[in-house]
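Asks: Between the sequences and the hints, there should be enough to build the whole structure, so can you do that?
Each chain, written out:
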Amino acid sequence: MHGKRIAEIMERGMRAFSEAEDESVLLALETEYTGRKSALGEILKGLKDLSPEEKKEVGPIANEARLALGRAASAARTRIETRKLAEDERFDVTIPGSAAPLGHLHPITRLSHEIEDIFAGMGFSIADGPEAETEFYNFDALNVPADHPARDMQDTFWLKQDGLDEKYVLRTHTSSVQVRYMESHVPPFRIVIPGRIFRNEATDASHEHTFHQFECLMVDEAGSVTVAHFKHTAETFFREFFGRDVEVRLRPSFFPFTEPSFEFDISCILCDAKGCPVCKKSGWLEIGGAGMVHQNVFTAAGYEEGKYQGFAWGFGLTRLAMMKYRIPDIRLFMGGDVRFIRQF
Amino acid sequence: MLFSYEWLKELSGTKKSPEELAELLLSRAFEVEEVKKYEHPFDGVVVGEVLAAEPHPDAERLKVTEVKVSGSVVRSFLNIGDGKPLRIVCGAPNVEAGQRVAVALPGTKLPNGVEIGEAEIRGVKSSGMICAKDELGLGTDHAGIWVLPDDAEVGAPLSEAMRLDDTLLDVKILPNRGTDALSHYGLAREIAALEGRPYPSEGMFSRHTLEPMGDGGLSVDIEDESACRAYSGLSFDLADGARSLPLPTLGRMLMLGHHPIHPAADTANHLSLLYGQPMHAFDADKLSGEKITVRFAKRGEKLLLLDDREIALTEEDLVIADADGPVALAGIMGGKDSAVSADTKEVFFEIANFDPATIRRSRVRHGLSTEAAYLFEHGVDPSWPEKLRGEVVAAFTDSLGARCRSLVSVSATAALKEREIVFPFSRIEGLLGVAVPEEKALAILRSLSIGAEVRGDELHAVVPSFRPDLEREADIIEEIGRVYGYEHIAPSAPLLPVVARKTDTDSSLARGLEEYLACAGFDEIMTYSFYGKDLLEESGVPEDAHLRLENPMNPDQTYLRAKLLPTVLDKAVENMPRTDGFRMFEFGRVHFREGGSVREEKRIASALSMKESAPGEAFLAQKGEIERLLAFFRLHESVSFRPAPEVSPLFHPGRTAHIMAGEELIGVVGEAHPSFVRKSGARKIAIAELSFPALARLVGSPIVARPIPRFPSVSRDISLVVPKDVPVGELARVIRESGAPLLRGAEFFDVYEKGAEKNAAFHLSFGADDRTIGSEEAETAFQGIVLAAEKAFGAKLLV
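Line by line, the protein sequences are chains F and R. Using the working numbering, you'd call the opening residue of the first sequence number 21 and step up by one each time. Using the working numbering, you'd call the opening residue of the second sequence number 616 and step up by one each time.
These are computed hints drawn from the structure, not numbers from a lab. Check each hint, because a few of them may be wrong.
Some chain R residues close to chain F (C-beta under 10 Å, calculated; not the full set) [what the hints assert, rightly or not]:
#, residue
1, Leu789
2, Arg1204
3, Arg1214
We put the CB at the ideal spot given by N, CA and C, even for glycine.
Replies: Below is the structure:
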């Protein structure tokens, strides 16, 4: 008898709540179905007058109905509120956000950080040295004596002597840090040296007198660090850097501070080594120079001749940036135009 | 250096095409920068035979010639019958019947631009032209027509007779390989070695007889044997006039950029291209005395060079001198007065070896750049002066028809010593990381003319005189490695002990600052490390503290910048019209001198531009960013800002602060001087420059965490009226000091100036760690602050 009644109330109530569309209707429905004076409320109040058997039968059904109707009321309230928020308080969320403007790192810095991180992952430390360097560290210590044609390989900015105690240049390569570092460290070591370098030449779309280089040096005892290890290190680096397999090709070359010396090319990443304008249809990109550190460099640093061996390689950070970001004009790097910098 | 493919092929015996040869050289020896088919300028020029040369009936200086030019090319070109000679009117004094000459057929356009046609010259019809050398673009000789050697084939195109169907290779010979590879002979030897073929042995140089036909030649005296290591002097009699070099020889020289000058000089140039040994021909009759001397110049001596420049010699210039003085700048350029000419009857021919550094210094000193100097600078094989005498004698007697009168020779005994390099064979694998089989390694070295054998565990290598670059173990291993092929070295992972990576605190702070600034809205720029006079003035650093470049290319490279801001502000001003507002920074280095030494310091400079709605906004934004940055890196505790008593011309004199760490000046922040933004209306630029090492030296106090306050704070605002010249910073300090211990915070929020006074306002909060304080207690502390401010500055509480 009560059971049937409760079922009816439940059915009507659930439907009514599911159809309620605004707050005032909901309040009225709550009074009607879940309030103390509602039909269900009366039943619950009357439970105490029932026989134990009836109580046992009706009690759980009535309570269950009360809870279900309560949940339906709260679901209806959430639905009504949600609709109200979504419709009445809506605004255009596609309007751009209003954070303070973001600054941008220079492409060289960005690239340098990226490269440092890859080398750091391979256990390399970062070393540094002066940009205004003595003739000794830039040339003599690197087995480039005065009056040697190798000095012509790089056009050099010299500092006026003007009473300075030594002859200075603006360093023509980051290799100038090699002997400085060796003087205060004992192998084994692995270092990278990023930095600004200078060449005394006229500027055009592909030439700058001021640009950036990256130097990498790994030294251990004789017989330990070989050309094969250099190839592996270079391939690993470029695979990480370009996110794909890259082949390294070594060609004979000459640098006074390495022997053997190499030019090194990587398989063209723009055309998959098929040949394109960037690699001049050769399938290879010229990246930099490398070699096994010349014993004269070690002895200039005070190491015993023949005791150590290792490789050194350097590549143009500026050139790599031009390649990676397709920068058409080298003058943009030092141009200071924020419209360029803001692209990075 | 440019190489003739056909010449290299002839010498080396290679079967490779020019492109294949370039590929081989690239991977094993030298980069070939260009492979280019030679395009000759002689279309329509053929070899003709002068059958007759009669005087022109109507003109004294002209001759009417009949020139035979038969041949298939001529037929197709001219559509004239075979065997029918051309009638050409010629004005050259030296044209004679029987000569072989270069004929430009009618319709030909010559290298000098002149178009040859058929014309009537004083009533005689003339078809084509007999050419002088200059008309063919072969130098400047216009003394007469160019008489070709008698064996030139009549009717053949000149380009064929000169064998100009060739390809040129521009090979980048490495600087350490100048001695052996800057010549056709040397590069051909390299090619043969790379292809594993034997090369004509050095024995070939003894095939000529060396018996002078007369005597009375000059003797040679070498004063400094370290500067001149070998010298051969040969005297040739050209009494009958020298014949021209064979056409193919002239053709080769033409392709390689040499125009015929005089047969003796041409011979020198030709042999230099072949062997890489510069040589020089003197007119012996113009040399005075019985001997020539190789010596350093004396003070005050002068020399008129072949290029008509007169140079003042120094005591470090090596010269060739006769009894009267210098006649040539040794190894660089001959003298004008002793040069060979058409009238030369006797030649003194020099094959010498000079010290590379001496030549280089001289060349640089006099600003000269010649092929001979280039070769000597890179080191020439000291065995050549003796070995090449036979080649020279053969060239003069066989080709030029000269007689060798005498020869003198000083050979380079010391420089010719063979060098033996010995090292464990295992070092090859130890350095390259690949095991090269013994037979292979030995074969490679022997093909490069390096004597090689293995004795026990050791490799013995004997280096010939033309490879002075091979000095030690690594040099020999490089030869083996490159010829073996670097592609055969398989990459392998280095095995190094695990060592802690040293994190350089400077570079991590530098990177942190860069990234922080980018996140704070600053764009990073890079500017040049030097500037000119204008920016030097702006820097405020005296000129004598600046370092100067010795060889700037333009005035903007005169000084190394002693401050970053001049170049940074320069770029900031450039950016004003490009954008509404900007923030930019540079992390760079400055240089200045301290006594006799160079100081280098890393700096951070920034510039910020904005439209101000109240004065000082740009400045406060710039300063605020510095404060925030310092706080982020916990470097702010000891840093304070003080009005700058004096500023550089970059800064607004009333709106600039010194950034102090204790009593050390570590930076400057201020508004840019109004002159930089005069045209920009309400837009202002604020700038700052900080010393990076000074920042790196600042150490924040260690962090000790404190509990969150359990007892609430009482908030009060304070507004104090003080004289205008009292700095807010000082007022804040007094508030903080006098508010202790209950003052939890004092935050500046407003300042307002009126007349001689200003009104500065702060939010204050009071509290204690062990109890809730009452309003009376807060009031007492508040009054203490008012009292202290009154005492310090005469401040009055604004109510």
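Asks: Does each hint fit the structure? Answer for all of them.
Replies: How the hints compare with the structure:
For Leu789 (chain R), the suggested interface contact is upheld, since its CB lies about 4 Å from the closest CB of chain F, less than 10 Å. The criterion of a C-beta within 10 Å of any C-beta in chain F is met by Arg1204 (chain R), whose closest approach is roughly 6 Å, and the hint holds. Taking 10 Å as the C-beta contact cut-off toward chain F, the hint placing Arg1214 (chain R) at the interface holds, the least distance being around 9 Å.
Checked against the numbered hints above, the structure violates none of them.
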